[in-house]
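Asker: Listed below, chain by chain, are the residues.
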Amino acid sequence: MASVRVQRHDFDPGAEAEALARGRTDVGAVVSFVGYCRDEGGRLAALELEHYPGMAEDEIARAAQEAEARWPLLGATVIHRYGRIAPGERIVLVAVAASHRSAAFAAAEMLMDYLKTCAPFWKRAIRLGGGPEGWVEAKEEDDRSAARWSPAD
Amino acid sequence: MASVRVQRHDFDPGAEAEALARGRTDVGAVVSFVGYCRDEGGRLAALELEHYPGMAEDEIARAAQEAEARWPLLGATVIHRYGRIAPGERIVLVAVAASHRSAAFAAAEMLMDYLKTCAPFWKRAIRLGGGPEGWVEAKEEDDRSAARWSPAD
Amino acid sequence: MKALYFAWVRERVGRAEEELDPPPTVMTVGDLVAWLSGRGEGYAAAFEKPAGVRAALDRVHAKSDAAIAGAKEVAFFPPMTGG
Amino acid sequence: MKALYFAWVRERVGRAEEELDPPPTVMTVGDLVAWLSGRGEGYAAAFEKPAGVRAALDRVHAKSDAAIAGAKEVAFFPPMTGG
Numbered sequence: 000m001a002s003v004r005v006q007r008h009d010f011d012p013g014a015e016a017e018a019l020a021r022g023r024t025d026v027g028a029v030v031s032f033v034g035y036c037r038d039e040g041g042r043l044a045a046l047e048l049e050h051y052p053g054m055a056e057d058e059i060a061r062a063a064q065e066a067e068a069r070w071p072l073l074g075a076t077v078i079h080r081y082g083r084i085a086p087g088e089r090i091v092l093v094a095v096a097a098s099h100r101s102a103a104f105a106a107a108e109m110l111m112d113y114l115k116t117c118a119p120f121w122k123r124a125i126r127l128g129g130g131p132e133g134w135v136e137a138k139e140e141d142d143r144s145a146a147r148w149s150p151a152d
Numbered sequence: 000m001a002s003v004r005v006q007r008h009d010f011d012p013g014a015e016a017e018a019l020a021r022g023r024t025d026v027g028a029v030v031s032f033v034g035y036c037r038d039e040g041g042r043l044a045a046l047e048l049e050h051y052p053g054m055a056e057d058e059i060a061r062a063a064q065e066a067e068a069r070w071p072l073l074g075a076t077v078i079h080r081y082g083r084i085a086p087g088e089r090i091v092l093v094a095v096a097a098s099h100r101s102a103a104f105a106a107a108e109m110l111m112d113y114l115k116t117c118a119p120f121w122k123r124a125i126r127l128g129g130g131p132e133g134w135v136e137a138k139e140e141d142d143r144s145a146a147r148w149s150p151a152d
Numbered sequence: 000m001k002a003l004y005f006a007w008v009r010e011r012v013g014r015a016e017e018e019l020d021p022p023p024t025v026m027t028v029g030d031l032v033a034w035l036s037g038r039g040e041g042y043a044a045a046f047e048k049p050a051g052v053r054a055a056l057d058r059v060h061a062k063s064d065a066a067i068a069g070a071k072e073v074a075f076f077p078p079m080t081g082g
Numbered sequence: 000m001k002a003l004y005f006a007w008v009r010e011r012v013g014r015a016e017e018e019l020d021p022p023p024t025v026m027t028v029g030d031l032v033a034w035l036s037g038r039g040e041g042y043a044a045a046f047e048k049p050a051g052v053r054a055a056l057d058r059v060h061a062k063s064d065a066a067i068a069g070a071k072e073v074a075f076f077p078p079m080t081g082g
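Protein chains in written order, with numbering that gives the first Met the number 0: chain A, 0 to 152; chain B, 0 to 152; chain C, 0 to 82; chain D, 0 to 82.
Some clues are possibly wrong.
Said to hold, decoys possible - Away from chain C, derived, C-beta distances all over 10 Å, residues of chain B:
1. P71
2. S98
3. H99
4. R143
Unchecked claim - Chain A stretches covered by chain D per the calculated footprint, using a threshold of three residues with CB under 8 Å from any CB of chain D:
5. 41-54
6. 103-115
7. 118-131
The set of hints was computed from the structure by calculation and includes no laboratory data.
Every residue, glycine too, gets a C-beta built ideally from N, C-alpha and C.
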């Protein structure tokens, strides 16, 4: 049921979120998350996002299926960009529709935690002034955040 | 810092959320919640929302201040409509910007819980076919949800 | 002081607002509820379950034991159902 | 089987993909990592801390003890940093 897109180009978060509710009267809540490329203290020229085509889509779809099995959702859209993304640009969208807000909030948060730790994307930082480039390191905090949703915990 | 609006007319959730991030590079996350008028099994003609002008704005602003004191937010917008709202129409928007997603999610959820239980709005259901009208009853579940954020708990 | 009534409290009382001039023995929100309840059938119906009615003093939520001295505006209403 | 490398694993190995034909003694993802590490400096550098490299078999995350038999595609990459 979820719509999953992995793409180079930008997206319209408002239109994506509204599409989940349009024309229906059973949706009481739409929660959307938009992740942006932050500038780390004015030294970032851009992020270069590499991904594993095919697996990226599959992995996000698996996470969405898990969310749908867990909460009574009425729709979900996940879009993740790849390629060069400048500070201030959008990187990722998660939008979830449900009858009630608690399911929509929880599912959106779970999907973001999964995207951070399970979806095969890797960020490389390109510094202003030709400074040292480098792969962004995974955060242990993100693993802990994702572990919240694991049934074994 | 938060923008609080209590109004009769509709709003553009995408534009409101995007305005929190536009032109800045310190925002990493924008979480937005849109609440819609649900149709309870095809029997609802509309909701009529009554509010306490002045106190509604003040109470939402107090909740936003509390959220800002609690999480490192970079912006917040809350819009709550009043008057007659048909099934499928938007009722409320909460949009929160932060550097990191956990603060944005938590603040948006807290603001919604507060809106449900503390903001002086009352919903009256107008039934299709002239069925019995009635004031919507407050849900104990909403009180429990709001109590999660109380320091005393 | 000015009194405001909302939602079904307003409907039962039969008006949205009025000026109140309670006697000096009426010192708290709870006292005011008791005093109002004696003013007629509509008031009695509105406040028949005092715990089911919320109050605000000068646009801030107030409990039953809150002192009304100095307040310019008091409001009574059911539990909120916004959001 | 086809092997894919991503991010700094790709950079260290020096290629994005290749065909692999490991001997029959290589049965798990961990075996494959050990076997690849012996193929040259780049591979050794990529897998110097095996716990720091993740793997997928046919586009599903796989642990070190996962059997590679039947897999058409194996991929190696650092911990993910999307979102």
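Asker: Run every hint past the structure and note whether it holds.
Answerer: Here is what the structure says about each hint:
no.: 1; hint: P71; in the structure: holds, 25 Å
no.: 2; hint: S98; in the structure: holds, 27 Å
no.: 3; hint: H99; in the structure: holds, 25 Å
no.: 4; hint: R143; in the structure: holds, 13 Å
no.: 5; hint: 41-54; in the structure: holds (count 6)
no.: 6; hint: 103-115; in the structure: holds (count 3)
no.: 7; hint: 118-131; in the structure: holds (count 6)
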